[in-house]
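Turn these sequences into a full structure, and let the hints guide you.
Here the protein sequences come in this chain order: A and B. Start counting the first sequence at 26; every next residue gets the next number (the numbering used here). Start counting the second sequence at 508; every next residue gets the next number (the numbering used here).
Keep in mind that the hints are not guaranteed to be accurate.
Unchecked claim - Okay, derived cross-link-like pairs now, SDA-like style, lysine to any residue, Cα gap no bigger than 25 Å in a straight line:
(1) B:K656 <-> A:Q221
(2) A:K180 <-> A:F130
(3) A:K180 <-> A:H141
(4) B:K656 <-> B:A630
(5) B:K753 <-> B:V627
(6) B:K656 <-> A:Q99
(7) A:K216 <-> B:T760
(8) A:K216 <-> B:K737
(9) B:K656 <-> A:D231
(10) B:K656 <-> A:I148
(11) A:K201 <-> A:P164
(12) A:K198 <-> A:R101
(13) B:K656 <-> B:I693
(14) A:K216 <-> B:H620
(15) A:K180 <-> B:K656
(16) A:K68 <-> A:E171
(17) A:K254 <-> B:H620
(18) A:K216 <-> B:A701
(19) A:K216 <-> B:D674
(20) B:K656 <-> A:N126
(21) B:K656 <-> A:T211
(22) B:K737 <-> A:F130
(23) A:K216 <-> B:K621
(24) A:K216 <-> B:I727
(25) A:K216 <-> B:D723
(26) B:K737 <-> A:K180
(27) B:K656 <-> A:N184
(28) A:K254 <-> B:K621
(29) A:K201 <-> A:N184
No wet-lab data here; the hints were simulated from the structure.
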Amino acid sequence: MGTPAAPPYGLHDISGYWELGSDTRSVPPAVLLPGITKATLDKVADGDLISMRWCRPLGMPAMMDNGRPLDIQQGRWEVLMTPEANSSPRHIYTNRTQHINPDIFDPSSVGDSIGHWDSDTFIVDTIGFHPKNGRMLIPGGGYRTETSHLVEQYKLMKNGSVLSVTFTWTDPKVFKTPHTYEFRYTRVTGKYEPRQAVGCDPWDEDRTAFVERAFSPALKQQAEAALVKAGTPVSAKPAAAPATKSAAKPAAKPAPGRK
Amino acid sequence: MHRLTRNTLRLSAYSGGTLALLAAAALFLHGQGVPPSAQELDVPSVLPPTVEGDWVRTDTHGSGSFDGLTKTFTPATLTPEYAGRAGAGRGGGRGGGRGGPGGGQQAADTGPHKAGEPYVVRAQTCAYGGGVQLGLEYDSEGFHMVLGKDEALVVQERGASRRIYLDGRTLPDPSVRPPTGSGYSIGHIEPNGALVVETTDVTAGGVTAGGYRLPDTHFIQRYIPSADGKHLTLRFEYNDPRIYAKPHTYEFTFDRMAAGSYALEEFCDATDPLNGQSIVPPEQQ
Numbered sequence: 026m027g028t029p030a031a032p033p034y035g036l037h038d039i040s041g042y043w044e045l046g047s048d049t050r051s052v053p054p055a056v057l058l059p060g061i062t063k064a065t066l067d068k069v070a071d072g073d074l075i076s077m078r079w080c081r082p083l084g085m086p087a088m089m090d091n092g093r094p095l096d097i098q099q100g101r102w103e104v105l106m107t108p109e110a111n112s113s114p115r116h117i118y119t120n121r122t123q124h125i126n127p128d129i130f131d132p133s134s135v136g137d138s139i140g141h142w143d144s145d146t147f148i149v150d151t152i153g154f155h156p157k158n159g160r161m162l163i164p165g166g167g168y169r170t171e172t173s174h175l176v177e178q179y180k181l182m183k184n185g186s187v188l189s190v191t192f193t194w195t196d197p198k199v200f201k202t203p204h205t206y207e208f209r210y211t212r213v214t215g216k217y218e219p220r221q222a223v224g225c226d227p228w229d230e231d232r233t234a235f236v237e238r239a240f241s242p243a244l245k246q247q248a249e250a251a252l253v254k255a256g257t258p259v260s261a262k263p264a265a266a267p268a269t270k271s272a273a274k275p276a277a278k279p280a281p282g283r284k
Numbered sequence: 508m509h510r511l512t513r514n515t516l517r518l519s520a521y522s523g524g525t526l527a528l529l530a531a532a533a534l535f536l537h538g539q540g541v542p543p544s545a546q547e548l549d550v551p552s553v554l555p556p557t558v559e560g561d562w563v564r565t566d567t568h569g570s571g572s573f574d575g576l577t578k579t580f581t582p583a584t585l586t587p588e589y590a591g592r593a594g595a596g597r598g599g600g601r602g603g604g605r606g607g608p609g610g611g612q613q614a615a616d617t618g619p620h621k622a623g624e625p626y627v628v629r630a631q632t633c634a635y636g637g638g639v640q641l642g643l644e645y646d647s648e649g650f651h652m653v654l655g656k657d658e659a660l661v662v663q664e665r666g667a668s669r670r671i672y673l674d675g676r677t678l679p680d681p682s683v684r685p686p687t688g689s690g691y692s693i694g695h696i697e698p699n700g701a702l703v704v705e706t707t708d709v710t711a712g713g714v715t716a717g718g719y720r721l722p723d724t725h726f727i728q729r730y731i732p733s734a735d736g737k738h739l740t741l742r743f744e745y746n747d748p749r750i751y752a753k754p755h756t757y758e759f760t761f762d763r764m765a766a767g768s769y770a771l772e773e774f775c776d777a778t779d780p781l782n783g784q785s786i787v788p789p790e791q792q
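Shown next as structure tokens:
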């Protein structure tokens with residue numbers, strides 16, 4: 026028996042384009058705190074639908090499973106991840122071992138990520154999630170909050186053609202036990218060229234009608250009540266709405282950095 | 508507690524688009540926004556000349572005017588055929604991304620406004636028609652570049668990205684894909700660390716300082732790091748003989764962000780009234 030062929034990719038070479046297939050997600054149900062009721066989860070899910078209606082960027086964790094290949098590029102000081110979707114990129118800093126001081130960090134939909142290699146596993150630690158921005162639902166159940174903590178383990182398999190990513194979420198407000206699931210991405214070979222993402226225009230009335238067709242009347246009202254017209258003083262509440270709209274999120278509340 | 512962050516300054520200025528204010532803010536924030544842990548970062552004090560990293564425009568030439576900087580550039584000399592087509596001043600695929608060009612209607616509120624008075628700049632924001640492509644001329648928002656194995660990946664903080672392929676491929680025939688905001692780019696690294704980029708397939712339109720560009724125009728960008736790695740010059744070179752009577756070049760300068768800086772997020776939320784609002788200039792003393 027001869028010497029095994031060298032793997033085409035190094036053990037630490039995760040740069041490239043990665044895509045998920047239909048059978049590449051292993052997601053058990055999350056164990057949630059007793060106080061997380063179906064009504065709570067439904068409210069978060071409704072919030073995600075409203076975000077979809079208004080074309081808000083995805084953020085974490087939705088950007089990791091957006092239906093298109095994920096571009097991962099390893100640089101000197103960071104690993105940069107960009108989806109072919111409406112989302113902020115992820116900057117995973119490898120040049121520091123501590124998170125940015127929370128007194129300075131502006132929470133974001135992708136959080137503050139730091140990463141390091143432990144043998145053949147790239148470990149990413151993320152905190153600093155924004156309390157509202159981005160899609161909030163987490164695969165398997167639960168949702169992220171500003172106290173969520175995500176640890177990911179990236180490991181190449183099958184000579185570098187598959188990238189296993191194990192996600193573990195903890196959050197004292199949501200999960201009773203750490204919630205772990207795994208995606209296995211397949212490397213896109215050849216000279217792949219990202220395409221332009223499908224556009225999203227929140228002001229397209231035809232699109233809006235299509236999207237909201239599946240909404241309940243109450244959710245549709247919430248979605249439309251979320252809009253605060255440009256020029257409205259941020260201290261002012263949205264225009265008077267029927268009682269059913271009172272549950273709408275105060276979408277006009279400025280992000281922390283804008284106060 | 509009121510937090511003074513880079514976002515505090517920058518987001519208030521996006522909708523107004525006052526580049527001079529942004530440049531001043533960038534200078535200011537780099538003195539203010541460095542977290543205490545910066546000393547713990549593994550960033551060498553003497554950098555090799557590389558284009559990789561986090562960059563921000565802090566040149567203050569032309570401060571006080573939207574096009575103050577570009578007015579200092581030598582205007583393009585166009586062929587008679589294109590002399591009438593080129594737009595004055597800006598262009599060149601600036602900005603882009605979700606809140607960029609094409610993002611909804613422009614409100615008609617263009618009248619004078621008193622200090623301290625906000626007004627609507629853009630009534631409908633955050634519409635991106637398949638964009639998510641980074642412009643070619645980065646505005647005062649910082650930009651971040653990673654040199655991967657096969658590509659240079661460039662992002663700004665509103666979600667748009669641009670790829671410059673470094674794997675030896677050639678430029679494709681422009682007819683095989685529709686033009687886009689950042690086009691199709693290939694590049695290589697030179698011994699001095701400069702990244703030389705050749706681009707085509709960019710949407711037709713105006714180029715900075717009175718130039719013009721067709722989708723099949725080829726042009727060159729040179730990202731040239733300083734020897735100490737702390738500064739970056741981005742030079743544009745247009746020489747399409749159909750359009751230019753003589754080569755058209757201009758350049759911007761950038762500074763490497765301070766150690767401890769991190770990429771911010773511009774989260775474009777169409778329901779947020781601040782997205783379409785002007786800056787609010789303070790009352791003058």
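Restraint check for K254 of chain A with K621 of chain B, where alpha carbons must lie at most 25 Å apart: Holds: K254 of chain A and K621 of chain B sit about 21 Å apart, inside 25 Å.
Agreement of K216 of chain A and I727 of chain B with the hint, judged by alpha carbon distance not exceeding 25 Å: Holds: K216 of chain A and I727 of chain B sit about 22 Å apart, inside 25 Å.
Satisfaction of hint between A701 of chain B and K216 of chain A, Cα-Cα up to 25 Å: holds, 24 Å
Pair hint K656 of chain B and I148 of chain A, alpha-carbon separation not exceeding 25 Å: The hint holds at about 20 Å.
Satisfaction of hint between T211 of chain A and K656 of chain B, Cα-Cα up to 25 Å: Roughly 18 Å separates the two Cα atoms, so the pair holds.
Distance restraint between K656 of chain B and Q99 of chain A, which requires alpha-carbon spacing of 25 Å or less: Satisfied, since the Cα-Cα distance of roughly 8 Å is no more than 25 Å.
Restraint status (C-alpha distance of K216 of chain A to K737 of chain B at most 25 Å): violated, 33 Å
Straight-line alpha-carbon gap K180 of chain A to F130 of chain A, limit 25 Å: violated, 29 Å
Given pair status - K621 of chain B, K216 of chain A, alpha carbons within 25 Å: Judged against 25 Å, a Cα distance of about 54 Å means the pair is violated.
Hinted pair K198 of chain A and R101 of chain A, Cα distance within 25 Å: Violated, because 36 Å separates the two Cα atoms, which is more than 25 Å.
Pair hint outcome, K656 of chain B versus D231 of chain A [Cα-Cα no greater than 25 Å]: violated, 43 Å
Pair hint outcome, K656 of chain B versus I693 of chain B [Cα-Cα no greater than 25 Å]: holds, 13 Å
Violation of the numbered hints given earlier is confined to hints 2, 4, 5, 7, 8, 9, 12, 14, 20, 23, 26 and 29; the remaining hints are satisfied by the structure.
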